[in-house]
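Going line by line, the protein sequences match chains V and W.
Letter by letter, the first sequence follows residues 30 to 522 of the working numbering.
Letter by letter, the second sequence follows residues 78 to 549 of the working numbering.
In case anyone wonders, no lab produced these hints; they're calculated from the structure.
Any given hint could turn out to be false.
Said to hold, decoys possible - Taking lysine-lysine pairs in the DSS-like style, the calculated list, with each CA pair at most 27 Å apart, reads:
(1) V:63 / W:499
(2) V:195 / W:505
(3) V:63 / W:436
(4) V:195 / W:499
(5) W:436 / V:195
(6) V:137 / W:436
(7) W:509 / V:137
(8) V:53 / W:509
(9) W:505 / V:53
(10) W:175 / V:53
(11) V:137 / W:499
(12) W:104 / W:172
(13) W:519 / V:53
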Amino acid sequence: MNFPILSSLILLPIVGALFLFFTKDKEGNNLTAKYVALFTTVVNFLISIYLWISFDQSTSTFQFVEDRTWIEGFINYKVGVDGISILFIILTTFITPLCIISVNNSVKNRLRDFLIAILIMESFMIGVFCALDLVVFYLFFEAGLIPMFLIIGIWGGARRVYSAFKFFLYTLLGSVLMLVAIISIYWITGTTDVVQLYEIGIDVKYQNLLWLAFFSSFAVKTPMWPVHTWLPDAHVEAPTAGSVLLAAILLKMAGYGFIRFSLGLFPVASEVFTPLIYTLSVIAIIFTSLIALMQEDMKKLIAYSSVAHMGFVTLGIFTLQQQGIEGSIIQMISHGLVSAALFLTVGVVYDRMHSRLISTYGGLVSVIPKYSILFMLFALASLGLPGTSGFIGEFLILMGAFKDNFLVAVIASIGVILGAAYMLWLYKRVVFGKLLNEDLKKILDLNRSEYFILSCLAAPILFFGFYPDPLINTIEVSVTDLINMHNTNIASK
Amino acid sequence: MENLNLILPEIFISLSIMFLLILGVFKNDSSKITFNLSLFVILITTIITFNETFSITRETLFNESVVIDSMSSLMKIITLIGGFLVLVISSTYLKTFKIYNIEYPVLILSSILGMMVMISSNDLIVFYMGLELQSLALYVLATYNRDQLKSSEAGLKYFVLSALSSGLLLYGCSLVYGFSGSTNFDIISNQLNSEEYVLTFGIVFILVGLAFKISAVPFHMWAPDVYEGSPTTVTLFFTIVPKVAALTVFIRFLYVPFLNLIDQWQMIIVFLSIASMVFGAVAAIGQTNIKRLIAYSSIGHIGYTLAGLATASNEGIQSSIIYISIYVVMNLALFSCLLMLRRKDQYYENIDDLSGLSKNHPLLSLCLLVILFSLAGIPPLAGFFAKFYVFKAVLEQSMYFLAIVGLLSTVVAAFYYLRIIKIMYFDKEKDKYDNDHSLWLKLSLTVSTILILLYFIFPSQLIEVVSRINII
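Turn these sequences into a full structure, and let the hints steer you where they fit.
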């Protein structure tokens, strides 16, 4: 492959952002800016689809690899995709244009700057998923903090400053230890190239500490209990598009990192720390589901449900079973779609009523039926109803868990029930019941762009719910080889 | 016969200083021409330095009391460029306070001369001579805005404390001389060995004196007051140019005369480094004046630079030099922004004055955003790479504690940089500032911001230049 397709995926949004920087719109009219941003992200989506089509599913070696000297004799700029990362790239390029369409309704001032931030964010996120060098990965991983900090801080809600600071400092604190680990890996093995590291492996005596350093970063980002507290704050205060990016893609960086780095580089340590991950995941699933039940604020409820869902993901990854890891990846993709959709549906009513409190609503079904139907679909997908993508992920994860540890699997299954409880209760309180609030009678149903965005999200949720083969085929070989590599590493040590 | 070409820059600059003084005395209204001529002088000196010495690996002069090597020439060039930029962006500021006089460029030139002597010194006496020349010029510069109480206070404080530290330094030098019987660095290096415990006193005195000059904790007390009181352009000069020179001397002392005594000084440097990083990060949080904040932030940055020195390896020295070079660019950019906060002949230097800057001056605040994130060390900006190289060197020596404390203090430091960004971007706007800045000011801000922003594309060039430096 000669054409640097991955680099162009990373660079295109930045070029778009530069272009946006020089566009000028009259006050209150931001059409040009919006079209430029939309055009860039749609082209990026099409490129990533092309990437998926030309991707060879029968091998687990990295494809479309680009390898350039970056810092002489030290770091190479190396990117490439395998079956695991490609889906996340497509998720990113798919969600971003939808975010950009949705800003019409939620972002009122400085739209152009907002779009620039989103585009820069997109290129950093794609970079994270295709980086094949630890330093390059760290660079993209951390750089994403800057635009997200601004998105929350400038366009967020009332407590935006507190949330932006909390988000930034929490994640930075988590990641500095990862930087120490990355540099240490360089001095231990002489390279930061992931592919080479897979081959040579890292000495067992260092693995535990290094694993913990990576874990500190990924645990904050995932977020795992007990370092999840930044997430509800960030979600509640961020503008809708920001919440969508945060839930749909940013959280997946950590899950991806667990699979790519924690499992791949430190097989022995992963085995050692599996009980830790199990405990934290199970607590996250049960505990945050219970918290979600008690929430008054819709966005906060969905934020806590994200923590619970990510608990399933980490659980699945560390079952170290084919089904568990595949389930985790599918769960992440599905959660990316579903949580994005849920935040958008909350955004829809928030734009009309300017309240996120559940008690404001009730009886929406009689005034805005279209909205209620789509909301129902997403709520059901979130609780993992068969026929939606949420089911496939959760089912596979639990299957993997039952193979590995019966008790953990049983407790996690209780989480599924709790998930159904808070989602259905939320839906009942918002959509059904008597229409008590007078203001709600004048509320308008979905407009064209909202309808379009939500249907775009509903289609893949249903499609992959009934026919997950395209996803599973893409990841299967890579996951199998990852597990084989893991097992041979364990056996040899 | 000595090869005087090697010290041609110093000779040229000292002759020019005398000429400019005479010109200033005999010609009326000569401030403008002195300014322009001194810029020209610095430019020529830079070119001479580059031509005559840049390719030299190591040569010595005057009984080995002056050394010209790759480190000295690189640091001299950084010093000169720093001095040039300070001079070029200070004119508007000085005119506003009606202190646009001939003494200003002449004093800057003399302190640069002093620093160049310091950088090249390979002998205790030569070193002390250069140090005093630059310090005397700096005392006067600190009080340069003599109608303002704070400026005089700053100068006085700086003078008293700096004289004290020079005394300590001199005492240390005499102890070292007493034990080694020579003032020459190379001879001292051969004479000293780790057996002599009393010698440690000499080293400690010298290190304390030097730590004072670069304002490392716990010898930093003068920095916030002096930085706040001095005229802003002088503060800019203080934060970059003398630091570069003092750091070079620091490196030279540690790695030439005291090379065999690593066990004795390594702990001291590690302590200075950790204390500076932590204190710089914590103390800056409560500041309301930007110049004071910069003082604390520069204390923190010196801590990172010292972390590189503490490794006792060539990589460490190189990473420190890379750090200080990037730091110079970042500080220059930061002060260019600060000098742009001018409204009707009044300069604003409180953090609150930045409130809502992004609405009135989107470009300026965007530059400031980039600079602040870079100072905080967030990738992919230049400041991240600076820290990255330092910690790479530190971890090579398995100094995990130093690395982890350093990185954790970057998180604390990130807080106060974020606070400024918050005030700029999230708070309500105030009145507009003037937009008629001098071309040079705009240019220096743009160029330095672009350097910070795009450093990640060409990281190898700087490393290549610095990698020629092999002291050990």
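The hints, checked one at a time:
As the CA atoms of residue 63 of chain V and residue 499 of chain W are separated by approximately 26 Å, the hinted pair is consistent with the 27 Å bound. For the suggested pair residue 195 of chain V and residue 505 of chain W, the alpha carbons sit about 21 Å apart, so the restraint of at most 27 Å is met. Proximity of residue 63 of chain V to residue 436 of chain W is assessed by CA-CA distance (about 20 Å); at most 27 Å being required, the pair is judged to hold. At most 27 Å may separate the alpha-carbon atoms for a hinted pair to count; residue 195 of chain V and residue 499 of chain W meet this at roughly 13 Å.
Annotation: proposed proximity of residue 436 of chain W to residue 195 of chain V holds, straight-line Cα distance about 24 Å (limit 27 Å). For the given pair, residue 137 of chain V sits about 15 Å from residue 436 of chain W by alpha-carbon distance, which is consistent with the 27 Å threshold. For a cut-off of 27 Å, the pair hint linking residue 509 of chain W to residue 137 of chain V stands: about 23 Å separates their Cα positions. With a CA separation close to 21 Å, the supplied pair residue 53 of chain V and residue 509 of chain W stays within the 27 Å bound.
A distance of roughly 23 Å separates the Cα atoms of residue 505 of chain W and residue 53 of chain V; the hinted pair therefore holds under the 27 Å criterion. Among the hinted pairs, residue 175 of chain W with residue 53 of chain V is inconsistent with the structure: their alpha-carbon atoms are about 41 Å apart, more than 27 Å. The suggested pairing of residue 137 of chain V with residue 499 of chain W holds, with an alpha-carbon distance near 19 Å, which does not exceed 27 Å. The straight-line distance between the Cα atoms of residue 104 of chain W and residue 172 of chain W is roughly 19 Å, inside the 27 Å bound, and the hint therefore holds.
For the proposed pair residue 519 of chain W and residue 53 of chain V, the alpha carbon gap of about 22 Å is at most 27 Å, so the pair holds.
The structure fails to meet hint 10 from the earlier list, while all remaining hints are met.
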